[in-house]
Amino acid sequence: MLEIVDLACIRGDRRLFSGLNFSLMPGSLLYIKGHNGSGKTTLLRTICGLFLAEDGEIRWNDKNVRSLCEDYNKEVLYLGHHNGIKYDLTGYENLQISATLDGDDVDEDKILYALAKMGLAGFEDLPTQVLSQGQKRRVALARLLINSSKLWILDEPFTALDVAAVDLLQSVIAEHVANGGMVILTTHQEVALTAGQVQTLQLGD
Amino acid sequence: MLEIVDLACIRGDRRLFSGLNFSLMPGSLLYIKGHNGSGKTTLLRTICGLFLAEDGEIRWNDKNVRSLCEDYNKEVLYLGHHNGIKYDLTGYENLQISATLDGDDVDEDKILYALAKMGLAGFEDLPTQVLSQGQKRRVALARLLINSSKLWILDEPFTALDVAAVDLLQSVIAEHVANGGMVILTTHQEVALTAGQVQTLQLGD
Amino acid sequence: MSINWFKFSSPATFYPLAGKLIPIFGVLTALIGIFGLYWGFFQTPDVLTDQKQYYRIIFIHVPAAWMSMWLYVIVVAWSLIGLIFNARLAYMIAAAVAPTGAIMTVLALFTGAVWGKTSWGTWWDWDPRMTSELILLFIYVGYMALRSAIEDNRRSDRASAVLALVGLVCIPVIFWSVNCPDPNQCAALHQSSSMSGIESNILFAMLTMTVSFWMYCFLVPLMRARNIILEREHDTAWVTEMLEVKK
Amino acid sequence: MFNIFRCIVMRDLTLAMRRKTDVLTTMFFFIIVVSLFPLGVGTEKETLRHIAPGVVWVAALLASMLALERLFASDYSDGTLEQMLLTPQPLTVLVLGKVLAHWLLTGLPLVLIAPLVGLQYHLSIESTGVMMLALLIGTPVLSLIGAIGAALTLGLRGGGILLSLLILPLYIPILIYGSGAVAASAIPGSELQAYFSLLAAFLLMALIFSPLATAAGLRISVE
Amino acid sequence: MFNIFRCIVMRDLTLAMRRKTDVLTTMFFFIIVVSLFPLGVGTEKETLRHIAPGVVWVAALLASMLALERLFASDYSDGTLEQMLLTPQPLTVLVLGKVLAHWLLTGLPLVLIAPLVGLQYHLSIESTGVMMLALLIGTPVLSLIGAIGAALTLGLRGGGILLSLLILPLYIPILIYGSGAVAASAIPGSELQAYFSLLAAFLLMALIFSPLATAAGLRISVE
Ligand code: HEM
Ligand SMILES: Nc1ncnc2c1ncn2[C@@H]1O[C@H](COP(=O)(O)OP(=O)(O)OP(=O)(O)O)[C@@H](O)[C@H]1O
Ligand SMILES: Nc1ncnc2c1ncn2[C@@H]1O[C@H](COP(=O)(O)OP(=O)(O)OP(=O)(O)O)[C@@H](O)[C@H]1O
Ligand SMILES: [Mg+2]
Ligand SMILES: [Mg+2]
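Protein chains in written order, with my numbering: chain V, 98 to 302; chain S, 98 to 302; chain F, 414 to 660; chain B, -14 to 208; chain G, -14 to 208.
Hint data in this document are derived by calculation from the structure and do not stem from the laboratory. One or more of the hints may lead you astray.
Said to hold, decoys possible - Listed below are the simulated DSSO-like cross-link pairs for lysine-lysine, each with C-alpha atoms no more than 30 Å apart in a straight line:
hint, chain 1, residue 1, chain 2, residue 2
1, V, K130, S, K130
2, V, K171, V, K247
3, V, K160, V, K247
4, S, K214, S, K160
5, V, K214, S, K130
6, S, K207, S, K160
7, V, K160, V, K214
8, V, K130, V, K207
9, V, K214, V, K130
10, B, K30, G, K30
11, V, K130, V, K171
12, B, K30, F, K433
13, V, K130, V, K160
14, V, K130, S, K160
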């Protein structure tokens, strides 16, 4: 279980939010809303530990994440505005390296399957440099299929994706939640997923 | 009037499209559809002259654009996946420089008005570095309001924008078209604009 | 009685405190400085071996050289406090001290060069002590360059603190290597200080000037720290309140 | 036209001023490199005086080249460069503006700091003067030639070092005549005018050809 | 743990191999800088032999420093660096892996190319051998120290030249003892062991402290 207690964040000299409290149970999805510049990205980066909060605490299964360090990293997967893939490596190599670093033991078939499922069959062995904006995003998202983390933190995962890919990603997220995972996501696009019964958190006014 | 005659583009060793023909009259909008990697970005960059087509011709008012050179540049405004703004300069300075380079003579009020209209009142004098993803995009889009080009070429202009900004941008585009301008755009998001009576071009299958 | 240190570690309480200290240090700097200069110019011999009058540059040169080194240690100390306690004020003080340190280094180099011209007939030589001072200047410049290259205050505070610490580990090694370029002869090298056998009047003037320099090095960083605080906290409640009261 | 030119120069100067360090870093790099040599070579006066012209010019080459990398790189990565290509202005004017701003920020400081180096290496006053003049004529050529390389290596991984491979060889004539002038000035009665005429001729040639080549390079790299 | 280390090293080596030039550029940069000096200084045998150790080491410093810029930069800009910070692996191991790969690509080639430089500067065979050994121990220290600077200047405008300001002064001990060893080797009967012990001690110290400082720097910069 993830608990956010009295969190406050400052960027530059603007206080983005303070006294933020919420908790997230296994099997649930949190949709963070807010206009441009309301602090969504900052909140997500704070939760996964890339940004240091000004005040407050983030707790994972009742322990402060700062004391958990690498154990917490194992439970979290973050996908931000950047794709986080090397453009000089192929999609296959990218996934393989990130799996090794994540400490997951995945075999070749699983990676090929993940790429194929993201609609990249035939593109596995091209350096991702030559892929289009949306295809690069798909490579990054294929990580979701081979990773064993509990908590997914997705910052506008639907950008650059075409309609088919948006649908696919929604089903992947829904499945993860159904299997007891947790998801925190932001998006400005109206998708079916966020229209349903999900927790929402509104940042800004 | 913009005419595309028998256009063919190759990237790497994939032929993206060939024998592409269409024309665009003043006062109309062309919506280019296509799945990820179908060649939309490539087509747009070819039209505005950043990418050299393999074959075919692009004609502006019956003259080949290659012979028009800078006169054609004056008529075209391109906004791509990149925002094209300097992060060390403020929004105001960015707009002022791009207006000077575009050869437009705009005064201070007009720039401030454009920024305010894009919802950036109060952020004019911050280096754009510290703005959020969506706010940066808004600065880039504010150029549309102070530019006098006829043809707007917009590659996924709605990414990173929140709902209010998407609506605003749609009305800006609609107004430009109503005033006899031309717009070519791509987007994966379903917006009201593209659902109406517009020309569409489908790339890929 | 125990002092509540945490109270003073907040910019809001430090700001007025610094405001009160500044005039005190200002007066001390001036008084001690004038006295030291007076002593240096009128109570010391006119000629020291073959250096004539010019040796009196020592009253600026030596305090400046000492301060340039001390101030680096102070920068490191505040950076360390900042990193350990995540204290904003400590970083701000470190930021305020560094430019003064750099200025002291420049002053030491400049007075040293002038002195060298008058006594050795050359502006510059690659003597270990001079070289070390020059390297110290580079290190100060690097520190300040890094700090001002980073827009975000939090990042620039912490990044420059790490750099200062790295410098602390490296500087002794660097100075020692400059002093002893041939490791086979280092043991034999006798590091003689030119202070030994110095006339007591000269020594007294020099020490007085050093105290004056210390005061100056409290004064200016305090003033700079106040500016930094105002700049960074300009939209907090207490600054707005204070500015309104002033109006 | 002049309006546009000024706009570009001012833009780049403003950008540099925003980061105050940008202006000073090239200068300090130059000073540091120059100061490293005596530590490696030894500090005998005669040797130092002898190698001074070579060291100064090699350091100037390197300083100017290192700064070059930034000439177009940031404009490229944030997309402002492609916007410049799309403006209805002659690209050569934009390029010249950017090169001028670059020289003001990186070349001129080297000229101004040269006397300090003269002190460090025990050069005579005349030699120092000759060095300053040679740097004043030579450094703009470095910026102009370098711009071509910077345009061609834009966006390539390892651009910095690749750039140095492309342009350092082109810098050689400047190095030879620049340091030649300084070395000759130490010999009483030697004729220096030939050196300066040659440097000036290089400058003229670079002014004419480099903007064209740079503009072409930029178009290729952005595609 | 070793698995992770190998994965990172292999990843960076693969990336470099994809752009074949990457591997050779540092080496060529080194050769070019070393070859420029005789053009600026003149080609008398005695002078060259005298300045050789200093020139070689300054060139090695610069070459290693130039390549450093790329150590984390591309990982930072494409977001893979923040992903690395989020992996459940100790960051110091990842850093060490990256530094090792970097040294294999930029430090080792300098060691291998050193004999060529020895020929250019008329060094004796023993001196050349000493130079190679000194480079072999010294260049890893350069990479390790440089990594700290690279981490701290990540993503800053003007990073390359700023980086040089930060770390060139820290390279000074290596420069002094590296070139000192080579210079001493030219004097018959001189004792070299002290030089090498010192260099080895620096290496040890750098191995212990640098990964920690670099990891801290990375965390700060990515925020
Ligand atoms: C640019 C040139 C010079 C620099 C950078 C420089 C630097 C320094 C430094 C760092 C110190 C303090 C060292 C310590 O306290 O142990 C110092 C002290 C001193 N310097 Fe200089 N110096 C320069 C030139 C000169 C010259 C030319 C002279 C004399 C002819 C000189 C004479 C002294 C003396 C007498 C002291 C103080 C006594 C002592 O503590 O040993 N310096 N200088
Ligand atoms: N630099 C390049 N080198 C080689 N091939 C490329 C390059 N850039 C793009 N491609 C190829 O061209 C195809 C079309 O790319 P393009 O960016 O035009 O697609 P797109 O329609 O804009 O897609 P998206 O909706 O994802 O932005 C892609 O399949 C890609 O593989
Ligand atoms: N590096 C920075 N330095 C200073 N302020 C920053 C920085 N990055 C972001 N900010 C400020 O923090 C605020 C929140 O930014 P953030 O990126 O979290 O917004 P967001 O909700 O993700 O917006 P968007 O929907 O546009 O992505 C913005 O108003 C911005 O001005
Ligand atoms: Mg965001
Ligand atoms: Mg596209």
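Hints versus structure:
1. V:K130 <-> S:K130: 28 Å, holds
2. V:K171 <-> V:K247: 9 Å, holds
3. V:K160 <-> V:K247: It holds: about 16 Å lies between the C-alpha atoms, which stays within 30 Å.
4. S:K214 <-> S:K160: Violated - the C-alpha atoms of K160 (chain S) and K214 (chain S) are around 36 Å apart, more than 30 Å.
5. V:K214 <-> S:K130: Holds: K214 (chain V) and K130 (chain S) sit about 22 Å apart, inside 30 Å.
6. S:K207 <-> S:K160: Roughly 33 Å between the alpha carbons, so the hint for K207 (chain S) and K160 (chain S) is violated.
7. V:K160 <-> V:K214: Violated, at roughly 36 Å.
8. V:K130 <-> V:K207: This hinted pair is violated, its Cα atoms lying about 34 Å apart.
9. V:K214 <-> V:K130: Given that 30 Å is the threshold and the Cα spacing comes to 29 Å, the pair holds.
10. B:K30 <-> G:K30: It holds: about 19 Å lies between the C-alpha atoms, which stays within 30 Å.
11. V:K130 <-> V:K171: Measuring from Cα to Cα gives roughly 26 Å; hence the hint holds.
12. B:K30 <-> F:K433: 53 Å, violated
13. V:K130 <-> V:K160: 27 Å, holds
14. V:K130 <-> S:K160: 49 Å, violated
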